[in-house]
Amino acid sequence: MADKQPGLRGTLQHFLRRRHRDVSAVRDVSFTIAAGEMVGFLGANGAGKTTTLKMLCGLIHPSAGQVLVAGHQPQRRHPDFLRRITLVMGQKQQLLWDLPPLDSLRVNAAVYGIPDGVARRRIHQLADLLELGEELTRPVRKLSLGQRMKAELLAALLHEPEVLFLDEPTLGLDVNAQARVRQFLADYNRRTGATVLLTSHYMADITALCPRVLLIHQGQLFHDGPLERLATRLAPERHVRLELEQPASADAFQGLGQLESLENREVHLRVPPEQLTTVVAQLLERFAVRDLEVNDPPIDQLMGDLFRQGSL
Amino acid sequence: MRLFGLNRRIVRALLGTEYAHMLEYRAEIALWALSGVLPFIMLSLWSGSGARADLGLDGVALDRYFLSAFLVRQFSVVWVVYAFEEDALLGRLSPYLLQPLHPLWRYVASHLGEQLTRLPFAAGIAAVFFLIQPQAFWVPSFSGFLLAWLATWMAFAIAFLLQSLIASLCFWSEKASALERLLFIPFLFLSGLLAPLTAFPPAVRAAVQWTPFPYLIDFPARVLAGDPVNLWTGFLAQVAWVAVLLPLVLLLWRAGVRRYSAMGA
Chain E
1 MADKQPGLRG TLQHFLRRRH RDVSAVRDVS FTIAAGEMVG FLGANGAGKT TTLKMLCGLI
61 HPSAGQVLVA GHQPQRRHPD FLRRITLVMG QKQQLLWDLP PLDSLRVNAA VYGIPDGVAR
121 RRIHQLADLL ELGEELTRPV RKLSLGQRMK AELLAALLHE PEVLFLDEPT LGLDVNAQAR
181 VRQFLADYNR RTGATVLLTS HYMADITALC PRVLLIHQGQ LFHDGPLERL ATRLAPERHV
241 RLELEQPASA DAFQGLGQLE SLENREVHLR VPPEQLTTVV AQLLERFAVR DLEVNDPPID
301 QLMGDLFRQG SL
Chain C
1 MRLFGLNRRI VRALLGTEYA HMLEYRAEIA LWALSGVLPF IMLSLWSGSG ARADLGLDGV
61 ALDRYFLSAF LVRQFSVVWV VYAFEEDALL GRLSPYLLQP LHPLWRYVAS HLGEQLTRLP
121 FAAGIAAVFF LIQPQAFWVP SFSGFLLAWL ATWMAFAIAF LLQSLIASLC FWSEKASALE
181 RLLFIPFLFL SGLLAPLTAF PPAVRAAVQW TPFPYLIDFP ARVLAGDPVN LWTGFLAQVA
241 WVAVLLPLVL LLWRAGVRRY SAMGA
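Chains as they are written, first to last, in the numbering used here: chain E, 1 to 312; chain C, 1 to 265.
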């Protein structure tokens, strides 16, 4: 990667002696996904998600290690492999901008060797699921972002791939369009048994679709497992909210987890899960409690913090 | 069955779609066709010059040569390096690389679609030429027309492969089109666009025969104009250039795709 300092001096230095530095985009990432699974792939910007997805579909050659998808080494881009996968990138498009999606779909059907009748039936089915109608005969440039994304999905799935790599497929869509795309992906997975690896910054996509998530951070795999367990790993403590009958001082909560806030009679504590029962029992014993709540920190909030801060 | 990754259905779908695509740019293509009138400008310059006699083509033959050069140029214009450079830089190449079809076929189809869109404009300009120069009017024989058509397509193939070779360098240098500019000058002078090759001294002419340039304009234009020309030598040279350039393009492409991957695809 070229390294240039700002300003005239930096420009001259860069012109005379160009400096490069090696950056490992992804390191020691190892995981297996079973056929039919829907897996969420999370990480802050620049964490290595897209690089990994591109390695999995054969666009990037790994400098070390092994990648195997549907029994193929992706970087060889064997036609049989290409017929079994698809990559949808929310920020990139494959549809011809000035023509209606149907023209691009016709080319795709021919390229993937889908018989005309089958292609027509699939287009009809997918269009129904995606709620696309006359949009298919309108130039792509005239479509809204949501309509375009749905048409892109249709184009990417026309050959009924077994493995879907979806990179931010709901990027920039409004809430309704996001929900429709999510519903469509869930239906597609149920109907075809396709394997899905999905990256998204919208946690609603992940929570709705993916029982299992991978979290990549600074090019390394940080978590591989259920989403709930990720929440526990990111924030292992439970939140305890108390509403007291009488005001109490902060000192009174010493040894009862970590006091987050104390306002009037409302108290917020963070308590390690293994101490939770003891702490709650002691709280009930020491104070007159009007209300008590124990919560996991919301995953949206945790991931939002992670994406914002970029650090764990 | 697929031949070089293609079958009849793919060809039909690609050509139909790319023709429709190019029709969307018909006004721009009409302007491009109009901007290709350099051979007519050169004709008027040569016609008013005392050196005209040295060209070895009498009055009508020279008119026909430059009209043929215009038509050959219209149907062998190549811009793959610019389209490819934009696609590589904007990441539009990635979806094409993930389909079981070599991406270069899409660019070939775009060019053929563009040529078909150009056809009426080029024909219109030729008609205007004949109105101005009625004495130059001629109708080539059917076999002559077929040979000229084949020579023009071969010229297109050579030009396309030459530019694809440069386009493949986009994988290493983001602005490979700058290199294409370097080729433009020798193309302009040595292809026969500015003057028939007979205008050059014999030594230069002999040397130029070993480059691809005369087979891009001069040879097909002479075939179309009905000038005496050695068909065997011309076609053999065209086939030889395609045979040399094609494996080079494929090799460089393969190496380039690995490099593109390293760029982040």
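By construction, these hints were calculated from the structure, which means they are not laboratory data.
Incorrect hints may have been included.
Using C-beta positions, here's what the derived DEER-type ranges look like [stated by the list, open to error]:
#1 F189(C) / R76(E): 52 to 60 Å
#2 A186(E) / L250(C): 36 to 44 Å
#3 V128(C) / R76(E): 47 to 55 Å
#4 E174(C) / D296(E): 30 to 38 Å
#5 T198(C) / Q5(E): 57 to 65 Å
#6 N45(E) / N7(C): 38 to 46 Å
#7 R12(C) / S144(E): 25 to 33 Å
#8 R12(C) / E131(E): 46 to 54 Å
#9 L90(C) / G133(E): 25 to 33 Å
Ideal Cβ positions, reconstructed from N, Cα and C, are used throughout, including at glycine.
Taking the CB of N45(E) and the CB of N7(C), does the distance hold inside 38 to 46 Å? holds, 43 Å
Honestly, do A186(E) and L250(C) meet the 36 to 44 Å range at C-beta? Given range 36 to 44 Å: holds, Cβ gap about 42 Å.
Does the Cβ pair E174(C), D296(E) satisfy 30 to 38 Å? violated, 48 Å
Tell me if the beta carbons of R12(C) and E131(E) are separated by a distance inside 46 to 54 Å. This hint is violated: roughly 30 Å between Cβ atoms.
Kindly confirm whether 47 to 55 Å is satisfied by the beta carbon distance between V128(C) and R76(E). About 54 Å separates the Cβ atoms of V128(C) and R76(E), which means 47 to 55 Å holds.
Check the following: the C-beta atoms of T198(C) and Q5(E) are separated by a distance inside 57 to 65 Å. With Cβ atoms ~58 Å apart, the hint holds.
Quick check: does the Cβ-Cβ distance between R12(C) and S144(E) fall within 25 to 33 Å? For R12(C) and S144(E) the Cβ distance comes to about 31 Å; the hint holds.
When you take the CB atoms of F189(C) and R76(E), is the distance between them in 52 to 60 Å? violated, 44 Å
Taking 25 to 33 Å as the hint, is the beta-carbon distance of L90(C) and G133(E) inside that range? The hint (25 to 33 Å, Cβ to Cβ) holds, given that L90(C) and G133(E) are roughly 30 Å apart.
Hints 1, 4, 8 from the earlier list are contradicted by this structure; the remaining hints agree with it.
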